[in-house]
Amino acid sequence: MGAWRDYIGSMMQAGVMLNGDGLQPPATATTVKVRGGARKVQDGPYCEAKEYLGGYVTLEVDDLDAAIKWAEQSPAALSGSVEIRPVMMNATG
Amino acid sequence: MTEEGVHKAAELAARQSYGRFLSLITARTRDVPAAENALAEAFARALEAWPKSGIPYSPEAWLLTTARRVAGQDARRSATRANAAGSIEILYDEMEARSMSEFPDERLKLLFACAHPAIDPAARTPLMLQCVLGLTADAIGRAFLTPGPTMGQRLVRAKTRLRDAGIPFRTPDPSNMPDRLEDVLAAIYAAFGTGWDMIDGVETGAGLTQEALYLGRLVMNMLPDQPEPRGLKALMLYCEARRGAQRSSTCAYVALGDQDRNLWSAKLVIEAETHLSRATSAGLFGRFQTEAAIQSVHMQTAQGEPPNAPALVALYDLLVERRPSIGALVGRALAHASHHGSSVGLRLLGEIPAEHVATYQPFWAAKLHLLQQVGDVDVNECLKTALALITAVAARIYLSTKYGTSS
Chain A
2 MGAWRDYIGS MMQAGVMLNG DGLQPPATAT TVKVRGGARK VQDGPYCEAK EYLGGYVTLE
62 VDDLDAAIKW AEQSPAALSG SVEIRPVMMN ATG
Chain B
20 MTEEGVHKAA ELAARQSYGR FLSLITARTR DVPAAENALA EAFARALEAW PKSGIPYSPE
80 AWLLTTARRV AGQDARRSAT RANAAGSIEI LYDEMEARSM SEFPDERLKL LFACAHPAID
140 PAARTPLMLQ CVLGLTADAI GRAFLTPGPT MGQRLVRAKT RLRDAGIPFR TPDPSNMPDR
200 LEDVLAAIYA AFGTGWDMID GVETGAGLTQ EALYLGRLVM NMLPDQPEPR GLKALMLYCE
260 ARRGAQRSST CAYVALGDQD RNLWSAKLVI EAETHLSRAT SAGLFGRFQT EAAIQSVHMQ
320 TAQGEPPNAP ALVALYDLLV ERRPSIGALV GRALAHASHH GSSVGLRLLG EIPAEHVATY
380 QPFWAAKLHL LQQVGDVDVN ECLKTALALI TAVAARIYLS TKYGTSS
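Sequences listed follow chains A and B, in order.
For the numbering used here, count along the first sequence from 1 and bump the result up by 1.
For the numbering used here, count along the second sequence from 1 and bump the result up by 19.
Hints in this document: simulated from the structure, not taken from any laboratory.
Any given hint could be a false lead.
A partial selection of chain B residues facing chain A, derived with a Cβ cut-off under 10 Å [to be verified]:
1) P136
2) G185
3) P187
4) R189
Glycine included, every Cβ here is placed at the ideal spot set by N, Cα and C.
I would like the entire structure built from these sequences, with the hints used as guidance.
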């Protein structure tokens, strides 16, 4: 976990990280759907896939290039991949 | 003011300046669809206002100011932070600068943003052609041998990403340049070529060619030590040098070999040669230097003499080895045909996958030429395809006269 600690530490130090969490593996997932007014609770993830979401961080950076620079330093980029998405802005500003 | 006069003035401004307007607005808002709407609105307002007020002294300035105002208002209404900043910048620009030659840097930023690695590689050049030069999806589709609707969808996706993915618009620098330069140069050259193809059409006219030359010069001045922008400059200058010789006194198309050398611009040829030799002295191979060198061989051919075939074969082989575009493959087949015989050229044409050339006019013109040289009597089908695909009127008349068919 040293690599993760260093990575998160450097983001904190740069002052770009707003929040973030690692997630427990998909075996712990519970999926909820409401269809036709009825709630359906299932154990397991909403889709079975070889790759799954392992966690997220919210960064505040100027642009995509800055985000890419942080993403490529993530330990996850070495074995899996890091997906970058802009946060949706609040419609009322 | 007559309705007709107003329509003409608006149409002229649209034809000459649409692409520049679009890029000037988009460079600030990053929102191509919104810029397109703002421009449409500005043109609609012009058609309404000008019959009453008269055509303004500078229709372009009127349209750009109006479109910017619309874009600024739209951006203020939408809530994203980036757009709000953009709208303030737009209003600032409006106060600050009204001349038409403003913001060369803004347009370069937009060009290089379109070539960002986060944009689908197949969409990069088309995106630049649309949002920096204002070409329609159909026209771009023709240049890229892709159906218009397919190109349209690709462009919509790319424009959304350009607006929403957080791609920065900044002055290109050596750190982000090398990867993106080739795409940028390809777009400029495609615009230049499209301007030439429409030489007798009224669609975009020579305006696009001039835009391409202008953008090419901007990139070259920004990167004076890079050989490829200089190679592209040389390539475009060679083509420009021949402009006066491409039409006879009756406006008929004149093939390269038949052109009167005296009508070529010696000044432009010398300028092109100078750029090319300076570019190649860097010793770094590139597509545009090679294509310029091919033009150089043609330009050095004396009147009535065949061009230096071994040189052309070597240059086309080099070009195809590194960058096997359809245009290069067809050019290579013709070069080999003049050096090793027409049947060799036909064989090389036959090796190009049929689905790539179905709508590529130069392929059919080349095939027609070679079939006739080997004495194939049945050239009619090939001629029909070549004629059907051609968009320049003068070239169509040339082909049908040469091969004796009316179309």
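Let me make sure I understand: some of the numbered hints might not hold for this structure. Which ones are they, in numerical order? none
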